[in-house]
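Here the protein sequences line up with chains A and B, keeping their order. Sequential numbering of the first sequence, starting at 1, is according to the numbering used here. Sequential numbering of the second sequence, starting at 1, is according to the numbering used here.
Everything labelled a hint here was simulated from the structure, so no lab data went into it. For each residue, glycine too, the CB sits at the ideal point set by N, CA and C. A hint or two may mislead.
[Unchecked claim] Straight-line distance between alpha carbons at most 25 Å, and here's what the computed DSS-like set of lysine-lysine pairs gives:
1) B/Lys469 with B/Lys113
2) A/Lys176 with B/Lys380
3) B/Lys26 with B/Lys469
4) A/Lys609 with B/Lys161
5) A/Lys171 with B/Lys160
[Claimed, not checked] Which residues of chain B face chain A? A partial, calculated answer using Cβ under 8 Å:
6) Ser219
7) Ile223
8) Met379
9) Lys380
10) Val381
11) Gly414
12) Pro486
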Amino acid sequence: MELTNLAPIVLALPLLMFMIIGLFGYKMTPKFSGILGTTAFSIVTIVCYYIALTYFFGSGRLADGSMAKEVIFNFEWLRFSENLVISIGFLLDPISAMMLIVISTVSLMVHVYSMGYMHGEEGFQRYYAVLSLFSFAMLGLVVATNIFQMYIFWELVGVSSFLLISFYYTKPSAVKAAKKAFIVTRFADMFFLMGILILSFYTQTFDFGPLTEVTNNHVAIVSETMGGVTFCGLSVISIAVFLIFLGGAGKSAMFPFHIWLPDAMEGPTPASALIHAATMVVAGVYLVARLFPIYFFEAHDVLTIIAYIGAFTSLFAAVIACTQTDIKRVLAFSTISQIAYMMVALGVSGYEGNEGLGFTASMWHLFTHAMFKATLFLAAGCVIHAVHSNEMDAMGNLRKHLKITHIAFLIACLAIAGIPIFSGFFSKDEILVAAHEASPVIYWCQTLVAGLTAFYMFRLYYRIFWYNEPDYGHHTPHESPANMWIPLMVLTVYTCTSGFFPFTEYISPDLMGFESHIHWNIAIPSVIVALIGIGIATFMYKKKTEYPDKVVACIKNTYHYAYNKFYIDEIYLFITHKIIYKCICDPIAWFDRHIIDGFMNLLSWITNKTSLEIKSFQSGNVQQYAWVFILGVLSIVALTIYL
Amino acid sequence: MNILSLFVIIPLIMMAIIFCIDGEKKSMIRMVMSIGGFALLATSAYLTVEYLAAREAGDMAEFLFTDSILWYETFNIHYAVGVDGVSVAMLLLSSIVVITGVFVSYSIEEQTKEYFLWFLLLSIGVYGFFISLDLFTMFLFYEVALIPMYLLIGLWGSGKKEYSAMKLTLMLMGGSAFLMVGIFGIYYLSVPKGGSLTFNIQEIAANVTTLTEQGADNSWQYIFFPLTFVGFGVLGAMFPFHTWSPDGHASAPTAVSMLHAGVLMKLGGYGCFRVAMYLMPDAANDLAWIFIVLTGISVVYGAYSACVQTDLKYINAYSSVSHCGLVLFALLMMNKTAMTGAILQMVSHGLMTALFFALIGMIYGRTHTRDIREMGGLMKVMPVLCVCYVIAGLASLGLPGLSGFVAEMTIFVGAFEHEDMFHRVFVILGCTSIVITAVYILRVVGKILFGPIQDEHHAALTDAIWYEKIAIFTLIFAIAAIGMAPLWLSNMIAGGIENIVKLF
Numbered sequence: 001m002e003l004t005n006l007a008p009i010v011l012a013l014p015l016l017m018f019m020i021i022g023l024f025g026y027k028m029t030p031k032f033s034g035i036l037g038t039t040a041f042s043i044v045t046i047v048c049y050y051i052a053l054t055y056f057f058g059s060g061r062l063a064d065g066s067m068a069k070e071v072i073f074n075f076e077w078l079r080f081s082e083n084l085v086i087s088i089g090f091l092l093d094p095i096s097a098m099m100l101i102v103i104s105t106v107s108l109m110v111h112v113y114s115m116g117y118m119h120g121e122e123g124f125q126r127y128y129a130v131l132s133l134f135s136f137a138m139l140g141l142v143v144a145t146n147i148f149q150m151y152i153f154w155e156l157v158g159v160s161s162f163l164l165i166s167f168y169y170t171k172p173s174a175v176k177a178a179k180k181a182f183i184v185t186r187f188a189d190m191f192f193l194m195g196i197l198i199l200s201f202y203t204q205t206f207d208f209g210p211l212t213e214v215t216n217n218h219v220a221i222v223s224e225t226m227g228g229v230t231f232c233g234l235s236v237i238s239i240a241v242f243l244i245f246l247g248g249a250g251k252s253a254m255f256p257f258h259i260w261l262p263d264a265m266e267g268p269t270p271a272s273a274l275i276h277a278a279t280m281v282v283a284g285v286y287l288v289a290r291l292f293p294i295y296f297f298e299a300h301d302v303l304t305i306i307a308y309i310g311a312f313t314s315l316f317a318a319v320i321a322c323t324q325t326d327i328k329r330v331l332a333f334s335t336i337s338q339i340a341y342m343m344v345a346l347g348v349s350g351y352e353g354n355e356g357l358g359f360t361a362s363m364w365h366l367f368t369h370a371m372f373k374a375t376l377f378l379a380a381g382c383v384i385h386a387v388h389s390n391e392m393d394a395m396g397n398l399r400k401h402l403k404i405t406h407i408a409f410l411i412a413c414l415a416i417a418g419i420p421i422f423s424g425f426f427s428k429d430e431i432l433v434a435a436h437e438a439s440p441v442i443y444w445c446q447t448l449v450a451g452l453t454a455f456y457m458f459r460l461y462y463r464i465f466w467y468n469e470p471d472y473g474h475h476t477p478h479e480s481p482a483n484m485w486i487p488l489m490v491l492t493v494y495t496c497t498s499g500f501f502p503f504t505e506y507i508s509p510d511l512m513g514f515e516s517h518i519h520w521n522i523a524i525p526s527v528i529v530a531l532i533g534i535g536i537a538t539f540m541y542k543k544k545t546e547y548p549d550k551v552v553a554c555i556k557n558t559y560h561y562a563y564n565k566f567y568i569d570e571i572y573l574f575i576t577h578k579i580i581y582k583c584i585c586d587p588i589a590w591f592d593r594h595i596i597d598g599f600m601n602l603l604s605w606i607t608n609k610t611s612l613e614i615k616s617f618q619s620g621n622v623q624q625y626a627w628v629f630i631l632g633v634l635s636i637v638a639l640t641i642y643l
Numbered sequence: 001m002n003i004l005s006l007f008v009i010i011p012l013i014m015m016a017i018i019f020c021i022d023g024e025k026k027s028m029i030r031m032v033m034s035i036g037g038f039a040l041l042a043t044s045a046y047l048t049v050e051y052l053a054a055r056e057a058g059d060m061a062e063f064l065f066t067d068s069i070l071w072y073e074t075f076n077i078h079y080a081v082g083v084d085g086v087s088v089a090m091l092l093l094s095s096i097v098v099i100t101g102v103f104v105s106y107s108i109e110e111q112t113k114e115y116f117l118w119f120l121l122l123s124i125g126v127y128g129f130f131i132s133l134d135l136f137t138m139f140l141f142y143e144v145a146l147i148p149m150y151l152l153i154g155l156w157g158s159g160k161k162e163y164s165a166m167k168l169t170l171m172l173m174g175g176s177a178f179l180m181v182g183i184f185g186i187y188y189l190s191v192p193k194g195g196s197l198t199f200n201i202q203e204i205a206a207n208v209t210t211l212t213e214q215g216a217d218n219s220w221q222y223i224f225f226p227l228t229f230v231g232f233g234v235l236g237a238m239f240p241f242h243t244w245s246p247d248g249h250a251s252a253p254t255a256v257s258m259l260h261a262g263v264l265m266k267l268g269g270y271g272c273f274r275v276a277m278y279l280m281p282d283a284a285n286d287l288a289w290i291f292i293v294l295t296g297i298s299v300v301y302g303a304y305s306a307c308v309q310t311d312l313k314y315i316n317a318y319s320s321v322s323h324c325g326l327v328l329f330a331l332l333m334m335n336k337t338a339m340t341g342a343i344l345q346m347v348s349h350g351l352m353t354a355l356f357f358a359l360i361g362m363i364y365g366r367t368h369t370r371d372i373r374e375m376g377g378l379m380k381v382m383p384v385l386c387v388c389y390v391i392a393g394l395a396s397l398g399l400p401g402l403s404g405f406v407a408e409m410t411i412f413v414g415a416f417e418h419e420d421m422f423h424r425v426f427v428i429l430g431c432t433s434i435v436i437t438a439v440y441i442l443r444v445v446g447k448i449l450f451g452p453i454q455d456e457h458h459a460a461l462t463d464a465i466w467y468e469k470i471a472i473f474t475l476i477f478a479i480a481a482i483g484m485a486p487l488w489l490s491n492m493i494a495g496g497i498e499n500i501v502k503l504f
C-alpha cells in the first residue's frame with residue numbers, strides 16, 4: 001500500500017470516532033461504544049505499525065545510509081500572508097515514526113484496559129469519545145510538518161487532558177485539578193506562542209523542513225535572518241527558542257510548571273497512564289528534539305539551561321516522590337523526574353555521529369519510559385480497582401491476591417530502577433554516558449536520582465505488595481478481568497524487550513545513526529546505586545518496621561517540606577489569589593463600576609440637576625418674564641454702550 | 001433587482017405581514033419569522049456563493065453587486081449598495097445570528113407581535129448598514145438599528161431595565177453625535193478642487209487619494225478621524241466607552257443580547273474600518289497609536305474584570321469588551337494579516353457570544369438566577385445545554401478547531417509584523433489575554449456546570465427543547481465549520497482588506 005493513502009487514516013479515523021461517539025454515543029450501549037472505539041483504534045494501530053516498520057526497515061534508509069525525512073502529505077489550512085501558511089501534514093522521520101509506535105501501542109492498550117476498568121461508570125461513552133480525541137490530537141502533534149500545526153494539536157491534547165481529568169466532574173477536587181492543569185499549561189503555551197511569533201517573524205516560515213536543515217554547522221534560515229539580532233543584550237534566537245522551550249516545559253511538567261501533573265491524577269487511571277505518563281507529557285521533550293538543530297547550533301546557551309533545569313527537576317521530583325503516600329502521586333512525581341531525565345539527555349547532547357548520543361538516549365528513554373510507566377499505571381489501576389483506594393495505607397500484601405499485577409509491577413519497577421536486561425537499564429545507561437561526557441555535576445546528580453528512583457519505586461512496590469496486610473474486611477481483593485491484565489502483560493513484554501532494539505542505528509540528531517555498546521564503567525556504578533536504593537527500600541518497607549518513622553524523625557523539617565511538595569502549590573495560590581485576584585482583578589472591577597461607570601452616571605446626574613434648576617425659569621409667571629425681559633434689554637444696552 | 005436590496009426588502013415584507021396578523025396568533029407570527037429568517041439566511045448563503053464565483057471568474061472590482069439610486073438630489077444622497085469580502089462575511093454572520101435569535105425568541109409570550117416588529121426593524125438597520133456604500137444611508141441605517149434597542153430592552157428586559165436601556169441608548173446616541181459631525185466633515189472636506197460633494201464611500205476614497213496626490217492640506221483628517229473612530233468605537237465597546245455593555249446586556253432579553261453582542265457591536269468595528277480608516281488613511285496612520293493604547297487596555301481590562309464578576313451576563317459582557325477590543329486593536333495594526341484577523345474575530349466573536357447569550361438565557365430561564373454562586377453541577381441536570389456551554393467556552397478561549405483560534409492567531413501573527421517596541425509591547429500584552437480568558441471561562445465552567453448540585457430545586461430542571469436546540473446547534477455548527485475549514489473565509493476577507501491596506 002502507498003503511504004500517501006494510508007497516512008490520512010491515522011488522523012482521520014480517530015477524529016471520526018470522536019465525532020461519532022461524541023455525537024451519537026448517548027444512543028449507544030456503553031459496551032458498543034467501547035468496542036467501536038477500540039476496533040477503530042486497532043486499525044489505526046496496525047496502520048501506524050505498518051508505516052513505522054516500512055519506514056525503519058525499508059523505505060526510510062537512504063542510499064547514503066541516513067534516515068529519510070519524508071512529508072507524506074501537506075495541505076494548506078490557513079494562510080496568514082505570502083510566506084506564512086499553516087499546513088496540516090504528515091512528516092515521517094525517525095522520531096515521528098517512533099512516536100507513532102509509542103502512541104498507538106499505549107493508546108490501544110489503554111482502550112482495551114478501560115473496557116474493564118471503566119466498566120459501569122457513568123459517562124463511559126464520553127470517556128471513549130475523549131480518548132479518541134486525545135489519540136487524534138497526539139498523533140497529529142507528532143507528525144506535524146510545521147510548528148503551528150504542532151501548536152494546534154498541542155492545544156487539542158491540552159483540552160482532551162482537561163476533559164479526562166474532569167471526567168468525574170461532580171467531584172470538586174477533580175474539577176479543580178482539571179482547571180489547574182489547563183491554566184498552567186495554557187500559561188506555558190502563551191510563551192510557546194510568543195516564541196513561534198518571534199521565530200516566524202524573522203524566518204518567515206513555520207515549516208520544520210527549513211527550520212531544521214543544517215548546512216555547515218548552522219541552521220541557515222535562522223542564522224541568516226536572526227543572527228546578530230539582539231534584544232536587551234540577549235540574542236533573539238535564544239529568547240525565541242527559550243520561550244518555545246517554556247511551552248514544552250509546561251506540557252512536560254518541568255519545574256516550575258510541574259504543579260499540575262500530580263493533581264492531574266484525579267482523572268481515571270488508564271487516562272493517566274496514557275496522557276499523564278506515556279504520551280502527552282513527553283510532548284515537550286519531543287518539541288525540543290524536533291527543533292534540536294536550532295537549539296544546538298543557534299542557541300547552545302539555551303540547551304545548557306535546559307540541561308540544568310532538567311537536572312534540577314529530576315532531583316526535586318524524585319525527593320518529593322519518596323514522601324508521598326498516594327500511589328498515583330508517587331507515580332506522577334516519578335514521571336516528572338523521568339521526563340526531566342529525557343530533557344537532561346537532550347541538553348547534554350552533541351550533534352554529529354557518536355556525539356548525538358544524548359539525543360538518541362532521550363528518545364530511547366522516552367520509548368522505554370512510555371512502556372514501563374504505562375505498565376506501572378495500569379498495574380496501579382488494577383490495585384486501585386481491587387482495594388478501591390489510592391492510599392498506601394489501604395494496601396499491603398497484595399502479591400497474594402493479585403498475582404499477575406504483582407509480576408507486571410515488579411518487572412516495571414526493575415526497569416525504571418535501571419536493573420540490567422530490563423529496558424530502562426539501557427536507555428538510562430546511555431543518558432548517563434552522555435551526561436558524563438558533558439558535565440560531572442549533571443552526571444552525579446542523575447546518578448543520585450537513579451538511586452532515589454530505585455528507592456521510591458521499591459518503597460511503593462513493597463508497600464503495595466508486601467508489608468502488613470490491612471483489614472480488607474469481607475471485601476477480599478481479587479485479580480482484575482482479562483481485558484485488564486492482557487494489556488498489562490503486553491506492555492510488560494515491551495518493557496522487557498525494548499532495550500534490545502538498536503535505537504542508535506535509527507535515531508540520531510544527524511539522521512545518520514551510529515553504533516553503540518554498553519559503557520560498563522558508567523553502568524556498574526549506576527546499577528550499584530540502584531541496588532543500594534532497592535536494598536534500603538527492602539530493609540525499610542518489606543515488613544512494617546519502625547525505621548521509616550525514625551528516619552522521618554531525624555530529618556523532620558526536610559521531610560515536612562518534601563511531603564508538602566516544597567510549598568510550590570501554595571506559592572502559586574498566593575500569586576493567583578492574593579496578587580492577581582485581590583490586587584489586579586478586584587481593583588479593576590471596582591474601578592470600572594465606580595470610576596468609569598460612575599463618571600457616566602455623574603454626567604447624567606449633572607444633566608438631570610441642571611435641567612431641574614433651569615426648569616424654574618419657565619414658571620408661567622408674567623411678572624418674572626417681564627423682569628427678565630427688562631434686565632435683558634438693559635444689559636444689552638449697557639453692553640452696546642460700553643463696548 | 002439587486003440581490004443586496006433583498007436584505008432590506010425581506011424584513012420589510014415580514015414586518016408588513018406580521019403587522020397584519022392578529023397579535024394573539026403567536027404561532028403564526030413565529031412561523032412567519034422563521035420562514036423569513038431562513039429566507040435571509042438562504043439569501044446570504046447564495047450571495048456568498050455568487051460572490052466567490054464572481055471573484056473566481058476574475059471580477060476584480062472593489063465592490064460587487066453595486067447599485068445606486070438617487071433619493072435626495074440636493075445633497076447628492078444615494079441609496080448606494082455594494083459588497084466586498086468583508087461585508088459578505090458580515091451579512092452571513094448577521095443572518096445566522098438573526099435566525100438563531102428568532103428561534104430563541106420563541107419563548108417570548110408577552111406582546112409577541114410588537115417584539116418581533118422591533119426585532120425586524122433592528123435587523124433592517126443592521127443589514128442596511130452592511131450593504132450601504134453611501135455614508136448618509138449608512139448612518140441612517142445605523143440609527144435605525146440603535147433605536148429599537150431601547151424599546152426591546154426597556155419593555156422585554158429584566159432587572160433594572162429602564163436604567164440600562166436609557167444608559168445604553170444615550171451612550172450610543174452620544175457616539176452617533178460624534179459620528180454625524182465626522183460624516184459631515186468628511187462630506188464637506190474631502191472634495192478636491194472642482195469636484196462635487198458626495199456621500200459615496202468609493203468616490204470619497206478616490207477623492208482623498210487625489211487630494212493626497214495634489215499635496216492638499218489634510219489636517220481635517222486629524223479632526224474627523226478621532227471623531228468617527230470614537231463614534232463607532234463606543235458601539236465597539238472601546239475603553240473607556242464600554243460601560244453601557246455590562247448593564248445593557250444584563251437587562252436585555254436573550255435574543256436581543258445575542259443580536260446586540262453578535263451583530264450590533266460589529267457595526268462599530270465595521271464602521272471604524274469602512275469609514276474612519278478607509279476614508280482618512282493619513283490620520284489613521286498617524287493617530288493609530290492613541291487607539292492602540294485604548295484598545296490594548298480594553299483587551300486586558302475586559303479580561304481581568306470578567307475574572308471577578310458573579311453574574312453570568314456580566315462575565316460575558318466584559319469578555320465581549322475584551323474580544324471586541326481585540327477587533328479594533330487588530331484593525332489598527334493596519335496590515336493585511338492583522339486586519340483579516342480582525343474581521344475573522346468579528347465573525348467568530350459574533351457567533352460565540354450569540355451562543356453564550358443564548359445559553360445563558362436558557363439557563364436563566366430555568367434556574368431564575370444568573371449568579372454563579374447559586375448554581376452548581378448543572379451538567380448532570382441539563383447535559384445538552386451544558387455541553388454546548390463548554391463548547392462555547394472553548395471557542396472563546398481559542399481552542400483550535402473552533403473559530404476563535406483562527407481569528408486570534410491571525411491577529412497575533414499579523415500584529416507581530418510591526419517591529420517597533422511600542423507595537424511589540426501591546427501585542428505581547430494582547431497575548432496574555434489568552435491565559436486570562438482561560439481563567440474566567442474555566443471558573444464559570446467549573447463552578448456552575450461541574451461539581452455537586454448546589455440547589456436541590458435545580459435537580460428537576462429540563463434540558464433544551466427543540467427550538468432551543470435548533471438555535472444552539474446552528475451556532476455551534478457555524479463555529480466548528482469556520483474553525484475547521486477557515487481558508488475560504490479568510491481568503492474572502494483578505495480580498496476585501498487588500499483594497500484598504502494599500503492606502504496606508
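Right, here's what the structure says about each hint:
1. B/Lys469 with B/Lys113: With a Cα-Cα distance of about 23 Å, the restraint between B/Lys469 and B/Lys113 holds, given a limit of 25 Å.
2. A/Lys176 with B/Lys380: Answer holds: A/Lys176 to B/Lys380 is near 18 Å, not above 25 Å.
3. B/Lys26 with B/Lys469: holds, 20 Å
4. A/Lys609 with B/Lys161: Since the Cα atoms of A/Lys609 and B/Lys161 sit roughly 22 Å apart, the hinted pair holds (cutoff 25 Å).
5. A/Lys171 with B/Lys160: violated, 37 Å
6. Ser219: Hint on B/Ser219: violated, closest Cβ of chain A at ~30 Å, above 8 Å.
7. Ile223: Where the cut-off is 8 Å and the nearest Cβ of chain A is about 23 Å from B/Ile223, the hint is violated.
8. Met379: Hint holds; B/Met379 Cβ to chain A Cβ min 6 Å, cut 8 Å.
9. Lys380: holds, 7 Å
10. Val381: violated, 11 Å
11. Gly414: At 7 Å from the nearest chain A Cβ, B/Gly414 passes the 8 Å test, so the hint holds.
12. Pro486: Constraint on B/Pro486 satisfied, holds at 5 Å.
Hint compliance for this structure: hints 5, 6, 7, 10 are not met, and every other hint is.
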